[in-house]
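Enquirer: Use these hints to put chain B onto chain A, whose structure you have.
Chains A and B supply the protein sequences, listed in that same order. Note that our numbering has the first sequence beginning at 81, numbered continuously upward. Note that our numbering has the second sequence beginning at 26, numbered continuously upward.
There are no misleading hints in this set.
Straight-line alpha carbon distances no greater than 20 angstroms define the calculated PhoX-like cross-link-like pairs of lysine-lysine that follow: (1) A:K493 / B:K76; (2) B:K83 / A:K456; (3) A:K336 / A:K498; (4) A:K168 / A:K122; (5) B:K83 / A:K87; (6) A:K493 / B:K71.
Because the hints were derived from the structure by calculation, they are not lab data.
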Amino acid sequence: MTSSSIKEEIEKANTQAVERLMESEPHWVGMDLAGKVITGLKDRMLLHAGPPITWERASGPLRGALIGAVIYEGWASTPEEAEKLLAKGEVVFEPTHPHNVVGPMAGVISPSMPVFIFEDPKYGNKAYSNMNEGLGKVLRYGAYGEEVIKRLKWMDKVLYPVLKATIDEYKKDQGKGLNFKNLIAQALHMGDECHNRYVATNALLLKEIAPYMFNTGIDRKDVLEAYRFIANNIIFPLNMGMASAKVMTLAAHNIKYSTIVTVMTRNGTDMGIWVSGLGNEWFTAPSPIPKGVLFPGFKEEDANPDIGDSSITETAGFGGFAMAAAPAIVSYVGGTAEYAVENTKRMYQITYTRHKYFTIPYLSFQGTPTGVDIRKVVATGITPTINTGISHKEPGIGQVGAGIVTFPMEPFKNALRKFAEKYGI
Amino acid sequence: MSEPDVSKVLRLFKEEVKVINVGLEYFYKELRKQGVNAAHVIWQPKPELEKDLEDILKKIL
Numbered sequence: 081m082t083s084s085s086i087k088e089e090i091e092k093a094n095t096q097a098v099e100r101l102m103e104s105e106p107h108w109v110g111m112d113l114a115g116k117v118i119t120g121l122k123d124r125m126l127l128h129a130g131p132p133i134t135w136e137r138a139s140g141p142l143r144g145a146l147i148g149a150v151i152y153e154g155w156a157s158t159p160e161e162a163e164k165l166l167a168k169g170e171v172v173f174e175p176t177h178p179h180n181v182v183g184p185m186a187g188v189i190s191p192s193m194p195v196f197i198f199e200d201p202k203y204g205n206k207a208y209s210n211m212n213e214g215l216g217k218v219l220r221y222g223a224y225g226e227e228v229i230k231r232l233k234w235m236d237k238v239l240y241p242v243l244k245a246t247i248d249e250y251k252k253d254q255g256k257g258l259n260f261k262n263l264i265a266q267a268l269h270m271g272d273e274c275h276n277r278y279v280a281t282n283a284l285l286l287k288e289i290a291p292y293m294f295n296t297g298i299d300r301k302d303v304l305e306a307y308r309f310i311a312n313n314i315i316f317p318l319n320m321g322m323a324s325a326k327v328m329t330l331a332a333h334n335i336k337y338s339t340i341v342t343v344m345t346r347n348g349t350d351m352g353i354w355v356s357g358l359g360n361e362w363f364t365a366p367s368p369i370p371k372g373v374l375f376p377g378f379k380e381e382d383a384n385p386d387i388g389d390s391s392i393t394e395t396a397g398f399g400g401f402a403m404a405a406a407p408a409i410v411s412y413v414g415g416t417a418e419y420a421v422e423n424t425k426r427m428y429q430i431t432y433t434r435h436k437y438f439t440i441p442y443l444s445f446q447g448t449p450t451g452v453d454i455r456k457v458v459a460t461g462i463t464p465t466i467n468t469g470i471s472h473k474e475p476g477i478g479q480v481g482a483g484i485v486t487f488p489m490e491p492f493k494n495a496l497r498k499f500a501e502k503y504g505i
Numbered sequence: 026m027s028e029p030d031v032s033k034v035l036r037l038f039k040e041e042v043k044v045i046n047v048g049l050e051y052f053y054k055e056l057r058k059q060g061v062n063a064a065h066v067i068w069q070p071k072p073e074l075e076k077d078l079e080d081i082l083k084k085i086l
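Next up, chain A with everything else stripped away, as it sits in the complex:
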């Protein structure tokens, strides 16, 4: 193929990829147990965020979350027992993304954990994520103490049935699931960027679902407890935003000749990407340590390298890429309001288009930077910058802060080389 016709093929493929990403319609359609609905999630198996990893190379927070999930499932009763099972391979773990699953931070999901089911009626894709536990000492940041397991059990016994019945009531009344893309688009106009700031989204979500929650027929005490849990957890919609982003990026994935990135994720040791035209092949590099604001009592040396699937939000054109819409986020992740605007502007240089539906009031309602293009990343030397939570590097401790992280260049270069090899360039 000549150089001009390959260029044309790439442009056509990328236009199609971003069009599908933007036109995708993620709806929250149900709740179920992970082991029942996630294809390939078997007994004695766990899922985790990021690219594949072995127990030996797994970071502290990932180890902590895996240990916690083994205890949660009742496969072991002490952390020591759990560690043995994991080290011997008697409990196996695989990355979330190949199963169409996303999980924040360690992203550990076990078969009996409840998950959100998201569906895209337009392109037919489905994605899953777990329920958000809140901030601080939580499983996804590597904590696994008694309070963590107790909270997870409460989420299973009380929150899960309430949410399951709520979405069923909603669908009965509305004739379809809850359109989460609409919530994100609105929240971007209300000061959220929908990765680390979900304050407005949470209010919008509760406004939408509260009437259905209180109409489920479930004991009012339980419904009120569930309502309060969501209302007090300002990051609760994160997992739903991530499942939405996964549905959107699935629509852009596996398009021949496309150079658009469809997965960016980290496991606390490595970060990795997928590229639409290269299928499910991982391109990885060591995960960088985020810079940001640490909680009182913690120091920079406590921070683990970046971890989590939550950068699926930036992959879909919001989150850190939409920081100009959310100046207040800098009080959580550090930096200045000007920096938030700058970051969004910088990301335009490495993305293929501006989002049709996600817009930023401060930038004259310009669309968010959408569709990271590996060609532009390599040509400009600019890699994606996202905002993120920070885990303690030791297992069992939890969250120590939040910050900003810029991805390494190597995976983008290697993906470009593989692209050239695959398409005979």
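Expert: Structure of chain B alone, referenced to chain A:
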């Protein structure tokens, strides 16, 4: 030898300065602190790339 015409340069000191700053943002921030009307353009030089990547990009970008 005739004297160079510096009138245009001297005019800069008499009129309001309007600056477009390209690249290093520090200069822009300092000018803004001094009340100078300035705009900033985010720009950085092209990175030096390995030859194989240069060759690929020439064909597909």
